[in-house]
Structure formats: C-alpha cells, structure tokens
Amino acid sequence: MDLSSINAASLIASLMVASTPILLAALGEMVVEKAGVLNLGVEGMMIAGAVCGFVIAVETGSPLAGFAFAAFGGAVLSLLFGVLTQYLLSNQVATGLGLTLFGLGLSALLGQGYVGQKAPPIARLDIPVLSDLPFVGPVLFSHDVMLYLSLAMVAGVAWWLKNARGGLILRSVGENHDAAHALGYKVVRIRLMAIMFGGACAGLGGAYLSLVRVPTWVEGMTAGAGWIALAIVVFASWKAGRVLLGAYLFGGITVLQLNLQAAGAKLPVVVLDSSPFVITIVVLVVMSSARNRAALAAPASLGRPFHASG
Amino acid sequence: MKLTKLLATAAMTLGLATGAFADGHEKTKVGFVYVGPIGDGGWTFEHNEGRLAVEEAFGDKVETIYQENVPEGADAERVMTQMALGGADLIFTTSFGYMDPTINVAAKFPNVKFEHATGYKRADNVSTYSARFYEGRAVQGHIAGKMTKTNVIGYIASFPIPEVIRGINAAYIHAQKVNPDVEFKIIWAYTWFDPAKEADAAKALIEQGADVILQHTDSTAPQAAAEQAGGVVTFGQASDMAEYAPFPRVSSIIDNWAPYYVARTQAVMDGTWESVDTWDGIPTGMVKIGEITDAVPAEVKAEALGMVEAMRTGAYHPFTGPLKKQDGSDWLAEGEVADDGTLAGMAFYVEGLTGEIPQ
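Chains as they are written, first to last, in our numbering: chain Z, 4 to 313; chain B, 933 to 1291.
Be aware that one or more of the hints could be misleading.
Claimed, not checked - Heads up, incomplete: computed chain B residues facing chain Z, CB under 10 angstroms, no partners named: (1) Gly-973; (2) Asn-1083; (3) Gly-1086; (4) Thr-1152.
As the list claims (entries may be wrong) - Cross-link-like lysine to any residue pairs, in silico, SDA-like; alpha carbons within 25 angstroms at most: (5) Z:Lys-121 x B:Trp-1211; (6) B:Lys-1257 x Z:Pro-271; (7) Z:Lys-269 x B:Gln-1291; (8) Z:Lys-269 x B:Thr-1286; (9) B:Lys-959 x B:Leu-984; (10) Z:Lys-269 x B:Tyr-1122.
These are calculated hints, taken from the structure and not from any lab test.
In this text, a Cβ means the ideal position worked out from N, Cα and C, and glycines have one as well.
Construct the complete structure from the given sequences, taking the supplied hints into account.
What follows is the structure, given as structure tokens:
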C-alpha cells in the first residue's frame, strides 16, 4: 500500500465537493420534515434540478443562472407535491414516490439533446495569498460559491429553526398542527412554503451534480443520491449540524475509499465499498443514542395530513 | 363469490390471450431489458441503437418493447416475466447480472426465446452473445502505454467478473509491452452506472498521478472529470463518446449490436432460431474502434491501426504467449494463444499487475 500517493488537501477538497449535493438536498428535506411533511420525492426534485440547471447554464453560459433556475425548477416540482398533499390531501408517501418517478421521466425528456454537452465552468474563489497557502488554501479558500453557500445555509437554517420566530412557528406546525391551527397559524400555507424550500434545495443539490461534481448531464445521474439524503435526515435526528456531519461523512468516506483503492490498500474492496453506508449510520446512531429521547424524536405530526375541519 | 368470479374471468382472459399468441399473432414482439437509462451515452445507449435498428429493418412486422434501469436481481425476473406474459417472442437481457434471472424465467416460458448478453449459462431457449471487447482494450492499452507521461494509468472497473478482468489484462499486457515502467491503479466502483461515483473515481485516480483513464463503467462522467482536470487521456467506452473528442477522448470501443439483433429477430420470424453461443469481435464488426484522434502521435496511431487490422484478419490474438499469471506461474508458452474457455472464465491477473481481484 502506498498511502503517500494520497494528498490530504486535495482529498478533503474533493470530499467537500462530493458531499455538497447530498448536503443541500438533505438540508431542504429536513426543513420540510420539521414542518411535518414527508416528501419522498427528493430524488425526483434533484434530477429535475440537475437537468434544469444544466440546460440553463449551457444556454446562457452562466452557471449561476443555472443554479437559480434549478432552485426554481425544484420548487415548482415540489409545489405539485404540495398542492396534491396539502389541498387535495393525497397520501404523502405515495405522492412523494410518484414525484420521484415523474422527476426522473421529465428530466430524461428535458435533457434530450443535452447529453454529452459541456457545462460552462464555475468560477472558484481565488484570494491572493490565502488561496495559495499550503493545505489551508485548497481546503478552505479555493471552492466555488455554491459550496460556501451550502455551508452558510446549514448555519442559517440551524439558527433560524432554533431562534427565529418563523422557525418556532414552523416547528410548532410540525409538532402539533392542530394546536398551531388553534393559535391562528396558517398550517397549509406554512407547509407549502417549507415544501418549496425543500424543493429548491434539492434542485440546487441536483444542479451541483450536473454543473460541478460530474460535470455533465447524463440521464438518471442522481443514481439514488436523493434516497441517501432522506436517510441522512432521519439518522441526523432532524438537526442541521448533524445533517452536515452525515453528508460530509458519507461523501467523505465515499471519496476516501476510492482513494484507498487507487492507492492499493490491502482491505477487501467489498468492505471499502460498503463503508460509507455503514460508518455514516453507525456514527449518527451512536450520537443520537447518547442523548435523551426527546432529542431523538421525529416531528410529532410528521406525515400526518392536516385539514382545518379535523 | 365475486372475487372468485373476478379471478376466473381474469384467468380466462389470460388463457384466451395466450391462446391468441400461440396462434401466431402478426407482429413479432421483441423485448429488451436494460441495466441503465438509454441516455447513458454508453452501454445501454448502444443496445438501444440495436433495438432501433431492428425496428428500422422490419418496420410493421415487428414491435419492440424495453425497460430501462432494471436492477440486476429479483426485479429483473419480474420485468422479464411481465414481458413474456405480455406476448414477447424474443427477449434480450443486456447485462451480466441478468444471467440467473434469465435462466429462471426462460424455464417458465419454453416458447419464448431469450438472449443473454455477456453470460455463460445457456438453455434450449436461451442463447448467449457477447463481444470480444478485449480486442479493443488491447488497442487502448497500446495507446495508453505510449501516451502516459507519469507512467500511471487509472482503470475504473465495475464488478470483478471475467469480462472486466479480461479487459484489465488485455490493456495491461499491451501497455506494458510498449512501456515497461507502466503501473495500473484500479478502482472497483461496484456499479455499472453512477455518474457521480464514476466521476469521483476518475478524480481520485487523477489526483494520484494517473494521466490516462480507462473505464469499464457506462456513463460519460469520467470523460467530463478528465476534461475538467486537463491533460488526461480517456477512451470512449461501449459507445463512441465523440462529444469528448479530440481530447480527452482519443479513441473508443464501440459495441455494435445492431447486425446481431436484426439477424436474431429474423431467425425468430423464420422459425430457425436455435440456442447458440456467439462471441464476435473486430473481424465481424461487433467490436469497432472509434476514430483515433490527432491528439495521438501519428506513429502511435499507425501502430494501433496496424493492430486492429491484424486482429481483423486473425493474424494477431491479444492473449499470445509468453504470458505469466500474477503469481509468476506460467500461463501461455511462446506463441501459444489463449483458448476461449480460459478467457470466458478468466479470474486471474497477468504478471505485473498489483493488487488483488476482489472475491
């Protein structure tokens, strides 16, 4: 084994890039679930974002316009889910699964003619001196703007849910929608906004795949990333900080195991290949079990339909 | 009572339906089971091109159906069963992992013909077919050995099955022949199709010094990753991937299934279909070498084309002795050529490759 061939700085830099799509999608889904809605359509919204972002970035030549439209596309698709589940009271699980299938099909249709095209490169942070520092430069100061935005969003969402009035209202809707309704909060409207935020985040995550991580459009390119984001939300016990930890652990170990393989590590490949799943779950479960049970609990109204008459 | 009546009606309808099929319906129905999406730009894309060629060749006389993204395993059996119940006369199952499901389903539908790609299990109504991709790998290995400056070649492998191991060996033998210092770094992705993972694997290999990437996974993601990194040579896999020419993609292996699919459909129509084992390569055109671009030095290109021609006429076999296995034991003596049986079940590396094949 020749571990010296692994460069720690570029390893960390690439694990951050590899983790960002899942981080964005999981963060959005966490807010949705905090509002008491279970949207299983993350995969569909991600792939829709991936194709929307790619098409717009190719047409306009601007990756940022691509990201903006990806967020819009994801939000529009999630609105479909929102209207069906919040106004027409359809089953959330079935509607979410349907949204995934719909997103995969729709993206394949929209992406025809864009297969194999090249995405315009996204600008990277380049601060004189700082970006050139050994180790710290590539790890902290040479990423694209979306990666920094994703980290800022984690901090922002964590703070907002805990301290802001809006965050408290959102959580109250997720914990007990009848009580929130009795207090005069518009449960359905709040949930719709949360659903659209989740859709926009999933769209951004998908676009990060097609514009930065891969970067190209390939049909079905999310290949299950949306489901991993959903799992991370649960194992992170609905906490933004742990969503970040979970996403980075998963992405990090994925990249690390590929590097270990390339370096010729004397570990069974089957063990290496399954390690991202195993280690992420074990770490997050151990962390959750150390706390009291209240911290573990899912939002009490998660997945329950709400109607003002009920 | 109602339920039993319903079931009885359903069973009768089904019976009538199958009866109608047995009478010889007008259109020949051909099913295709795909492991990835048809827009993957690689493996599944080329199988679908073959399907379209069948439609074009027979027009109204044929009806094709297909299912994308079918996981290798129990789901595949369900999909094949549905196709057979839906009246398919001929079903192509286009991935190695469909081998056992194909055999299982074929046993239940003796009147339906099955064709399984890249496997080795046959039955009276199951043929197997594959292409000698290793011939193309030999050409890639030659070009890779000549073009690498770091002497590190990255290889994104999918699953440790004979087809993939053959490709690694063929590429390594020919890279090493022209460049004795060459080293192969191999990553097993354990997937045929996951663009993000394929791109990550390519990046890991590039970060560890590889300046040529060979891939045995299906999407164009490694090409995109190599292009982004700059200065890294790639080869199109399964499909031409010409979008990335002239650089990083300098050549490609193209799977050309269309003539085979048309011929087998014709055989079903004529009633001459028999269970066969087909393994064709460059000589019949089932394996094609995509254009070698000008990024490759002219003399290397000429040598590569010479190899292609020698394989086409049968003058050269990529596995020609003297060759040793990884453990140093003798495999092929001077001038000896590997037999198809050994190649079909290949589960060892040749001498010089490092690392172990995952079990």
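Quick rundown of the hints versus the structure:
1. Gly-973: Constraint on Gly-973 (chain B) satisfied, holds at 5 angstroms.
2. Asn-1083: This hint is violated: Asn-1083 (chain B) lies away from chain Z, its Cβ roughly 13 angstroms from the closest one there, beyond 10 angstroms.
3. Gly-1086: 7 angstroms, holds
4. Thr-1152: Nearest chain Z Cβ about 6 angstroms off; hint holds.
5. Z:Lys-121 x B:Trp-1211: Not satisfied, since the Cα-Cα distance of roughly 36 angstroms exceeds 25 angstroms.
6. B:Lys-1257 x Z:Pro-271: 21 angstroms, holds
7. Z:Lys-269 x B:Gln-1291: With a Cα-Cα distance of about 13 angstroms, the restraint between Lys-269 (chain Z) and Gln-1291 (chain B) holds, given a limit of 25 angstroms.
8. Z:Lys-269 x B:Thr-1286: 11 angstroms, holds
9. B:Lys-959 x B:Leu-984: 16 angstroms, holds
10. Z:Lys-269 x B:Tyr-1122: Judged against 25 angstroms, a Cα distance of about 17 angstroms means the pair holds.
When each numbered hint is compared with the structure, violations occur for hints 2 and 5.
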